Amino acid sequence: MSKFEFPPSILSRPIWGTLEPRPGKHHLMIADAEGAEAILDVATAEIMAQCHIIFIAKGTGFSEKLSQLNPAQFYEGPSYEAALPRIHRVLLDGHMGLQVYLAGTEGLMGQAMAEAMRAGIPHTAIQTEHRGSTARRMQCVHCKGITEDVETDPFVCKHCGLNLFVRDHYSRRIAAYQGVCVDAEDHGNIPPAKGIYQ
Amino acid sequence: MSGAEKIRVRVSEITLINALVTRFRFERCDGADLPTFSGGAHTVVEMQDGGVTRLNPYSLMSDPYDQRSYTISVRRDDTGRGGSLFMHQQVKVGDEMTISYPVNLFSLDLRARKHLFLAGGIGITPFMAQIQQLERFGTQWELHYACRNKGLGSYADELTSRHPNQTHVYFDDQSQAINLPHLLEGQPLGTHVYVCGPKGMINWVRDTAQGLGWPQDNIHYEEFLAPQPGKPFEVKLAVSNKTIQVGEHESLLEAMEREGVDAPYLCRGGACGQCETAVIGYDGKFIHRDHWLEPQEHESGKKIMPCVSRFEGKTLVLDR
Amino acid sequence: MTIQFNDESFRDDYSFHNSERALKRFPFPFHEDSYMYSVNMEQHRGGPADSVYEMRFDVDEHYVSEMKDRAIVLDQDPLRCQSLPHMTLAGWDLLELIMVSKSEDYPDLFELHREGDQWRWINKPLGIDDSFTFLDETTLPYGPMEYITRQAQGDFAVLDQRDDMLWMDAGMVTTQADWSLDFDIGMNFFEWHAPVPKAHEMGIFVRALKFLLNIQQGAPARRLNWTMTVNPLLDTSPENYHKWGIQKTTLTPENIGRKQHLRVELQTFFRLPRSNALVFPIRCYLCAFEDLMTVPKWGRRLHRVIRDLPEELATYKGFIDNRPLMLDYLSQFDDGLPTSPGIWPDLQSEPPLQK
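Those protein sequences? They're chains Y, S and X, same order as listed.
Positions 1 to 198 (the numbering used here) are the ones given, in order, by the first sequence.
Positions 1 to 320 (the numbering used here) are the ones given, in order, by the second sequence.
Positions 1 to 355 (the numbering used here) are the ones given, in order, by the third sequence.
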């Protein structure tokens with residue numbers, strides 16, 4: 001099951017939606033891993049005729065199914081970082097009316113959303129659907145380094161080594177949740193790590 | 001009285017622009033500088049018309065950074081309640097008047113990669129100030145301006161000669177029309193569209209843009225409604241414990257102010273939301289005309305915008 | 001009115017101190033013996049002579065030292081000052097507002113000479129005399145917002161107004177109550193306040209936003225907010241929390257009067273004319289408990305407020321662990337007598353401590 005119900009939280013925490021077909025002359029879909037399922041669910045022949053799919057498989061086997069949708073352009077990249085120059089290029093050339101659909105992990109959706117926003121699309125107009133891993137992309141508020149795929153709270157910042165607790169406070173600009181030193185007032189007292197949603 | 005801060009000004013110049021439109025220039029009575037403003041801002045002009053105080057919003061059209069004077073353009077409305085007629089017929093050079101500080105309900109989105117302006121008739125005025133603001137910083141813009149005919153195309157010649165590449169004028173009597181879908185489709189990501197003109201034009205632009213997949217946040221519009229005359233009606237004001245009569249040619253807001261009941265306002269044209277008033281009870285029907293309340297709120301019978309909306313029926317009790 | 005600027009520090013040896021005069025004008029934030037969130041806005045158009053409300057931007061004895069502390073913070077972490085690209089015009093608006101206000105309100109300290117767009121700015125306390133072209137960033141050593149807020153006490157959040165919402169798109173934040181500009185920049189009003197408990201459910205932020213969106217040119221507003229800080233530390237940033245957090249555990253019954261500070265924010269709000277943005281200066285005033293206790297009314301009241309504060313708020317404000325220690329100390333200054341309404345010290349009319 002690739003769908004997960006996130007518990008209610010504070011107002012800065014993003015609420016992911018469900019993709020739906022929208023009118024527009026061009027469509028850009030970016031997904032990773034199980035995010036492919038959301039694209040398969042929303043795809044129509046009409047949209048695919050003007051659609052550019054950018055997919056990062058992360059070891060899943062969805063590529064063939066996606067290419068069978070016959071999108072105008074299909075690209076499979078080995079990682080988000082590898083796909084990024086292409087995403088930049090597509091957004092640079094985009095025109096008003098371009099519809100952006102993001103699906104998959106929070107890290108993928110968050111980063112692609114930040115790129116689309118920088119290109120001039122308001123975040124309220126960008127569609128999202130969470131599928132797959134619930135791991136978080138975390139920013140260490142102290143050293144500013146990003147740790148990807150964090151599944152436990154607390155966790156160790158992979159840049160500065162501090163033990164950080166996982167907040168729900170989220171920055172769209174950085175595409176990450178905030179991690180804050182867990183033992184600042186009692187050095188060395190680190191609670192045992194548990195799953196973020198446990 | 002409520003509303004923005006006030007400034008005493010003297011009318012320093014009156015210029016006939018065409019058969020319907022006159023331009024007024026204001027300078028401060030105390031000789032000091034006027035506040036700068038942002039393109040799209042309006043001022044509320046107070047008119048002492050016999051025993052009646054009229055307060056009408058007009059877009060500021062002068063260079064926002066010119067602190068010596070403000071200019072506004074007033075289109076004469078022969079069937080209106082008299083505000084524009086007062087400006088055209090009564091106001092003389094040298095007269096002292098009171099205007100409000102600039103208030104902006106139609107601000108530029110400064111993140112925009114490009115600003116696309118669509119004007120209908122007198123709706124050109126806020127764009128005059130916005131264009132001057134953008135020109136100073138070399139930001140990209142483009143204007144599409146629809147007017148009835150050449151004679152009524154206020155400032156069309158001036159704009160065309162100053163900005164020949166950005167200005168596109170369309171005359172109804174020559175059957176020229178904006179090719180809106182084509183125009184909207186060709187815009188780069190990050191473009192914002194602004195429309196000011198009659199209601200029909202605003203709706204046309206909003207609907208077309210949304211149909212083409214434009215995000216709502218990139219579509220901006222402004223229409224100040226003048227209050228329309230209507231049948232007189234009676235209102236009970238629960239908080240101040242008064243029953244007042246709203247005359248045929250005054251708005252509910254004006255009637256409340258006449259009776260010393262203060263309601264906050266910024267635009268008096270159904271746009272800013274300040275005068276929103278809760279309805280306690282009613283028996284009759286509302287004539288809602290504002291842009292502020294959502295359609296469900298109009299239907300709910302729980303809220304009214306006294307600046308432009310009216311009521312027909314037996315009883316109306318408001319929370320004022 | 002001449003101001004004697006203190007030579008003091010807000011770190012290491014913490015030589016910060018309030019003079020008798022600074023104590024008398026301290027903006028005590030509690031107008032009654034209890035505290036709950038409220039929008040508590042009022043117009044910002046002057047106030048009693050020599051109060052922190054009198055001028056548009058209050059300059060006090062801590063000015064020069066606070067500006068030195070800001071420079072240290074920015075040297076260590078330039079991300080404390082950021083402005084998204086579309087906010088440059090708002091930065092000029094802010095520069096103009098502060099330069100005009102300070103040169104008019106403190107003519108002996110600041111001078112502004114303008115010939116069209118050619119401006120000359122003289123800041124005597126900081127020894128600055130710069131000429132530049134207004135609206136031309138290349139003629140200033142920093143962007144306009146950074147330039148002027150390196151010369152103005154307090155944090156500054158510059159908010160863009162779009163779609164009936166405020167967006168924190170620029171700021172200078174080096175004396176914050178535990179929030180990160182680098183993280184929060186670009187957020188809307190509800191998002192950057194998201195971590196505040198209770199107030200959302202109470203509708204506080206919806207009402208506050210409505211009020212702020214309608215602040216107009218020429219009609220600024222203000223309110224007070226407060227928290228607690230151990231040691232007169234200005235830079236209580238999340239960025240450095242792993243370094244300063246431990247100081248919260250150093251309180252003892254012997255040192256609490258000296259070390260524990262009430263931290264008050266004078267928040268003001270001005271509409272910026274050229275950009276239609278809103279600037280939100282957050283000016284921080286610190287006062288040691290032992291200094292506050294010299295004002296009998298404040299001693300009585302602070303004890304009652306801290307004693308009755310809901311647990312959630314004491315946790316959010318970060319002093320839940322220290323509350324018992326604070327109450328032991330503060331209770332010595334509460335004799336149970338009634339207090340006069342309002343925030344002012346009322347030294348002439350309030351009786352001295354009866355125990």
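Any given hint could be a false lead.
Which stretches of chain S does chain Y cover? Using the computed rule of at least three CB atoms under 8 Å from a CB of chain Y, they are [stated by the list, open to error]:
1. 188-195
2. 213-219
Pulled a few chain S residues facing chain Y out of the computed Cβ check, cut under 10 Å [said to hold, decoys possible]:
3. Lys92
4. Gly94
5. Leu184
6. Glu185
7. Arg206
8. Ala209
9. Gln210
Just so you know, these hints were derived from the structure itself, not from any lab.
Just so it is clear, the structure is predicted and the values come from calculations on it, not from any experiment.
The beta carbon of each residue, even a glycine, is placed where N, CA and C say it ideally should be.
**Asked** Of the hints stated earlier, which fail here?
**Response** Failing hints, ascending: 3, 4, 7.
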